[in-house]
Amino acid sequence: MHAHVIEAGQVRQIRDPDAIREAHAAGRHLWVEIGDPSATTEAFLTSTFGVHPLIVEDIFGERSVPKIDEFDTHLYIVVHAIGPARDPLVADVGLLDVVIGDTFVLTQHREGPATGLLLDRLQRNPKLLERGPAWLAHAFIDGLVDRYEPYMNALRQRIDAVEEHVLLRAGLADGKDLLPELFALRRVIQALCRTTDHQRQILRRLSRGDLAQIPDDCRLYFRDVYDHFTRVDEHAEDYKDAITSLVDAYLTVQSNRMNETVKRLTLMSTVLLPLNFIASFYGMNFKNMPELSWPWGRAFAVAEMFALALLVWGWFKTKKWV
Amino acid sequence: MHAHVIEAGQVRQIRDPDAIREAHAAGRHLWVEIGDPSATTEAFLTSTFGVHPLIVEDIFGERSVPKIDEFDTHLYIVVHAIGPARDPLVADVGLLDVVIGDTFVLTQHREGPATGLLLDRLQRNPKLLERGPAWLAHAFIDGLVDRYEPYMNALRQRIDAVEEHVLLRAGLADGKDLLPELFALRRVIQALCRTTDHQRQILRRLSRGDLAQIPDDCRLYFRDVYDHFTRVDEHAEDYKDAITSLVDAYLTVQSNRMNETVKRLTLMSTVLLPLNFIASFYGMNFKNMPELSWPWGRAFAVAEMFALALLVWGWFKTKKWV
Amino acid sequence: MHAHVIEAGQVRQIRDPDAIREAHAAGRHLWVEIGDPSATTEAFLTSTFGVHPLIVEDIFGERSVPKIDEFDTHLYIVVHAIGPARDPLVADVGLLDVVIGDTFVLTQHREGPATGLLLDRLQRNPKLLERGPAWLAHAFIDGLVDRYEPYMNALRQRIDAVEEHVLLRAGLADGKDLLPELFALRRVIQALCRTTDHQRQILRRLSRGDLAQIPDDCRLYFRDVYDHFTRVDEHAEDYKDAITSLVDAYLTVQSNRMNETVKRLTLMSTVLLPLNFIASFYGMNFKNMPELSWPWGRAFAVAEMFALALLVWGWFKTKKWV
Amino acid sequence: MHAHVIEAGQVRQIRDPDAIREAHAAGRHLWVEIGDPSATTEAFLTSTFGVHPLIVEDIFGERSVPKIDEFDTHLYIVVHAIGPARDPLVADVGLLDVVIGDTFVLTQHREGPATGLLLDRLQRNPKLLERGPAWLAHAFIDGLVDRYEPYMNALRQRIDAVEEHVLLRAGLADGKDLLPELFALRRVIQALCRTTDHQRQILRRLSRGDLAQIPDDCRLYFRDVYDHFTRVDEHAEDYKDAITSLVDAYLTVQSNRMNETVKRLTLMSTVLLPLNFIASFYGMNFKNMPELSWPWGRAFAVAEMFALALLVWGWFKTKKWV
Amino acid sequence: MHAHVIEAGQVRQIRDPDAIREAHAAGRHLWVEIGDPSATTEAFLTSTFGVHPLIVEDIFGERSVPKIDEFDTHLYIVVHAIGPARDPLVADVGLLDVVIGDTFVLTQHREGPATGLLLDRLQRNPKLLERGPAWLAHAFIDGLVDRYEPYMNALRQRIDAVEEHVLLRAGLADGKDLLPELFALRRVIQALCRTTDHQRQILRRLSRGDLAQIPDDCRLYFRDVYDHFTRVDEHAEDYKDAITSLVDAYLTVQSNRMNETVKRLTLMSTVLLPLNFIASFYGMNFKNMPELSWPWGRAFAVAEMFALALLVWGWFKTKKWV
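Protein chains in written order, with our numbering: chain A, 10 to 331; chain B, 10 to 331; chain C, 10 to 331; chain D, 10 to 331; chain E, 10 to 331.
Isolated chain A (complex conformation) (with noise of 0.2 Å):
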């Protein structure tokens, strides 16, 4: 656990739990990384800052879903930070914890891509803290959402390569098997939908005028927050629709192709047929067939092969069945 303070316009750090209780006593504005769960943690955040033992359970507690509660005294909020994955199938997903306080900011990342981003944020601008907690929290919780946008785009990407695939490829000989993959898919963004879903709920609810802990002037810069996390939403929305059509897609083109393969092969047996027939017919073992000692009996036999199977084929292309 250290805490943040800003002296003389730079970002400072406390490491001693003494001296952080005393700058939150003298009221000063406080960034504290929480850290590794401890008793002595935990006891120091519900004595020194008042948290309620409900926020201190999930802090330390298994991840969950993105999530806002207001304590009387403060704001819990819970949202999901996601990584520049290289394969978006395999998202880099982190949560950060953000307790608001009248003075201070508490936040708990453990894995994930938020950790380095977050000083980074205050070291570009260190007044956000001077300005209050909520306009801290305003800058954190706009960094993550803005590193949905390229993890987005990856997965467009990725459907698009699907789609090109199902469009020319699927039930040819050389079409993958892409069913795992679009299942694979479903269920990342089925996930991503999901998560997409209650942070937009709580960036609405932040955008609102009805919490103590967000100032008016602020509030109008989380509902720009929530304006361009409900783009990232609608796209989730709209990539789930896509996958789901494209599941169908996939397997009745694929049928349809092997279909198609399985005409075209009928076709040739049926072209076919004819001619052994004759073949046959000419085999038989009749005395009395006076063609066959014809000196062009076989030459005739084979134009009524030609003959026929372009008969065949022309009434073929006449129906446009070829």
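Please keep in mind that the hints were generated in silico from the structure rather than gathered at the bench. Because the structure is a prediction, the values reported are computed rather than measured. There's no promise every hint is true.
One copy or two, either will do: identical chains are not told apart, so a pair holds if it fits within one copy or between any two.
[Said to hold, decoys possible] Calculated cross-link-like contacts (lysine to any residue; reagent style SDA-like; alpha-carbon spacing at most 25 Å):
#1 Lys272 to Gly323
#2 Lys329 to Asp106
#3 Lys326 to Ser278
#4 Lys185 to Trp322
#5 Lys272 to Leu320
#6 Lys76 to Gly125
#7 Lys329 to Asp169
#8 Lys326 to Gly184
#9 Lys185 to Ala163
#10 Lys329 to Ala170
#11 Lys296 to His207
#12 Lys326 to Arg21
#13 Lys76 to Arg167
#14 Lys296 to Ala163
#15 Lys76 to Asp206
#16 Lys272 to Leu181
#17 Lys329 to Asp45
#18 Lys329 to Asp257
#19 Lys329 to Arg266
#20 Lys328 to Thr253
Place chains B, C, D and E on chain A using the hints.
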């Protein structure tokens, strides 16, 4: 950046920033086209018209979704404009930012078909600006919304053409592969639905009585625009349904038409197979096959073939398979 | 334009604009049929009855969707009328514009079946006009709504006929290509649902207690109309569901019936193939085939064929394939 | 028309209209069964009990959907009753009209199973009428709602039977054509859902505290009925989902089972074809075919056939096609 | 029926009804397990604790859906408990009835896994009862809700196993008929969704501030339970979606894999057919077929066959059919 002001019933342009500031200070009604972004322009907007930094950021930032944001003294609206496209799959979409103040309207448009339209509107009816900024904004927005209709019609025709192709030719030899077009149409319509839905909510918001910048008598006119746009939105929804069911229908019709072909080919084989069997039968080398020596043996075999073929065909007919 | 007024319990027509103006000024209850658009008429409506320009524009403009608009002193309602059509696919749809003022009802209808109906309603019960404009408007709207029922029944019968065809004949040789009809039906029903949904909302609005032009005792009667129309709307929704699932069922049933045919044809081939093989077998030219010289050799081969055919058939039977 | 009144704890019938009027005027609690429509009855209802003309019209008019209408002094409720049907596809549906006044309950039922039930309810507990009209109405409605359960169970069993048939036999030779039954079931369930949905809304309305005719302690009992009926409504929704997915599953399972058959038949052909080829091969008339003269030539050919058949079969096995 | 009371920090049981009545009259906090129904018990509940007859009826009646009913002085809650099942298809579901009064909690559970759990909860933290009935009820409900998690995990694993089977083996010879399992899963999940949806609404109701029996500080803890259960509910919804799309995917994948087999078999036939034709051709009995007498005639025919087979195969390759 240049402003439009009404003088003696005529639209006059002011290009000098100081003159604009003066006219504004004098309380004259202004329409300002913002133009290219620059630090000067941004400062001018904030200092002269008191535009909120978030609006400035949005106006010059990356283009975004339609929205309406209420600030203390301004109303900020982003609407989509759509031009008459040759190919509805390549919609000529532009964005118009409108800021309504108490005595001025600021607009910003870079791409898209809005540019000439706005000036034309004002010149046809210069009184609009005298009447107040809300009336001018109404004229602008009404003009943009009207241009949706030709686009929607072009889209409808395209969908109808695809539908006709599906009904008449899918799965036949002269049927095109419609899947890429159907997928492209779906994507376009999905984006369109998003936009029209946002835009409709903006117009509904404008047509209700809770915005300080819109006077009551002007509100009725916004309600009229809302009514018209509701139709556009509903058409977009209808197109979405239509395209979804067209994809399904296309794939199934294609499959059924191919199966129909396979069925007919199989029918032909099934009629030929017994004939072939008879020919093979009389090709057996048994010594004791007296019919081989009959003078009418061959004719008898051919008669058998004909009879069998007719029998099979007739049986198919009674079963309604052919 | 001509007005209807009640004199001594009889409906009397006034055609002279000045007389109409006089009667209106005298506070008499009037029903005015507006008729063809002209500058004079428009001016008359605005000056005499104080109709808002937006209403005038809508009345004479292009035909639009059902809606209800509340103005300061008027209530403007647009309802759909539907006539008893021979072919439900070509619905005889008309629009009736109704403006309810404090002492008058203005109506406008050009196409459609409403014309005679309205006068008939008034003549059957002239007291309606005396009672107040809301009562007359109720009678008109009630009459239009009643006419939906025969149309809905015709539509139901058409859908039932198509459903029966799908269940009994789709995919057989005497089955028609129902797809164009199904698509046409879907489009008609989709439009119908839009209309009935709008209309139902209008009627709900009329049956609630927040419109100044509708007195409380009349409101109960509008609620009755709303209840009746709710049924129409629900039927329309049911038809929409029915047609959607019919399209699916039609395509799949067609496919299954064709596959059934292919299966039976393949069955025949599969029974014949072993026979053919036996015939080919005894057509081999090996010297050492003693059965060829047996006196019962041929009979033996035929017996083999019969046995094999029965065996294969029996096997299929036990597998429940036939 | 006859009224029921409680005298000394016993239910007594009054059939004389004047006696009914007298009892009503004396403020006694009455339950009146309205019976066949006549001008006298209509006039009696209006004059004696002050029933609104719209209620009278609805009671004697064509049968309609469940609804609840609040009038100044009366509450008018229409509920659906359903009888225990042998065949759930032919539901024995009836309607009960209930009018609740301050001292009386009017009921009307012509068809359906409600008739005996109501009297039975009252006779088992005559105090109900003494307690007030709302309590009697509750007893009636509770009794009707209870009868939904056996019907729902019968429907469930029918659906289960169809589902089992789909899972085990669809597409096999002993599988019935379930499509007509599935479509009939869907139509019945669709209508049922409509009714239960309306009815549930009525019961919810009755169980809330905003109806003057329902005292607060009785309202708790209506809430209990609402809770029970919610289950009926949810079952109806479940059945709707079940039948929709059953139609899909049936058609696809049927298709797959037939394709399975075709696959196996094609397999047989594919095993036989090489054998046939070998037989044809040795049926060629080339002079230079020494194996034809070998003493073991024929046996060799048969061995070839066996080997080839085994090879093909084994290949299929490793490919998991059989 | 036996009551639990806290004495000197220890849980003590009272089994004598009079003693229970006495303790209740003395205002001591009680937890009463109701046990088997009997007229005595029912009377005791009503007379001593003032429980409403409707609650008594529900507690001893047939088991019903989760619900929450607010009575004047009591809060009646029915929650679902679920035990850790070996086979998620046979969920070990139980119901717990909880009545919260001002100084007591009544519970009723007959079947299911709740029995031991409750006592265990109280013994681990006897202060709960001292703190108030709402806190004890919270502990009970929290305990039940926690047990959903292992069940949900077991269900997830089952669905994953089925999904893997669908992706890898459906339609192959070693693929099981998954349809019965999929239908069973869907039914279980459908019921689960109903329950979790009801339960979530109950918990939301408990976590809001409008119930007199739940003090404000306890409400925060119910909100925590609600947050956790929301996840369970969302998982249930996800499973429902997953199973629905799995049924579709299973049937289509099965169909496609079989068609794939048919395609390959047809390919083999199509390669063999020309060879057969060549053999039949040289089996014709024409006199004038000089190649029959060529010494290399047979070899030439075999070469023709090879060449033709290669040609056909190569053609298929370039068409990407194989």
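Each hint, compared with the structure:
1. Lys272 to Gly323: For Lys272 and Gly323, the Cα distance is within 25 Å both inside one copy (16 Å) and across copies (18 Å).
2. Lys329 to Asp106: For Lys329 and Asp106, neither the intra-copy (65 Å) nor the inter-copy (52 Å) Cα distance is at most 25 Å.
3. Lys326 to Ser278: So Lys326 and Ser278 pass the 25 Å test inside a copy (16 Å) and across (18 Å) alike.
4. Lys185 to Trp322: between (33 Å within a copy, 21 Å between copies)
5. Lys272 to Leu320: both (19 Å within a copy, 19 Å between copies)
6. Lys76 to Gly125: Within one copy, since 23 Å is at most 25 Å while 33 Å is not.
7. Lys329 to Asp169: between (33 Å within a copy, 23 Å between copies)
8. Lys326 to Gly184: between (29 Å within a copy, 13 Å between copies)
9. Lys185 to Ala163: Classified as within: same-chain Cα gap 21 Å, cross-chain 32 Å, threshold 25 Å.
10. Lys329 to Ala170: Between. Shortest inter-copy distance 20 Å satisfies the 25 Å Cα cut-off; intra-copy 33 Å does not.
11. Lys296 to His207: Classified as neither; 89 Å inside a copy, 85 Å across copies.
12. Lys326 to Arg21: neither (84 Å within a copy, 70 Å between copies)
13. Lys76 to Arg167: neither (29 Å within a copy, 29 Å between copies)
14. Lys296 to Ala163: neither (78 Å within a copy, 71 Å between copies)
15. Lys76 to Asp206: both (11 Å within a copy, 19 Å between copies)
16. Lys272 to Leu181: both (14 Å within a copy, 11 Å between copies)
17. Lys329 to Asp45: So Lys329 and Asp45 fail the 25 Å test inside a copy (73 Å) and across (54 Å) alike.
18. Lys329 to Asp257: Answer is between; shortest inter-copy Cα gap is 23 Å, intra-copy 27 Å.
19. Lys329 to Arg266: Both ways: Lys329 and Arg266 sit 17 Å apart in one copy and 11 Å across, limit 25 Å.
20. Lys328 to Thr253: neither (36 Å within a copy, 30 Å between copies)
Of the numbered hints given earlier, the model fails hints 2, 11, 12, 13, 14, 17 and 20; all others are met.
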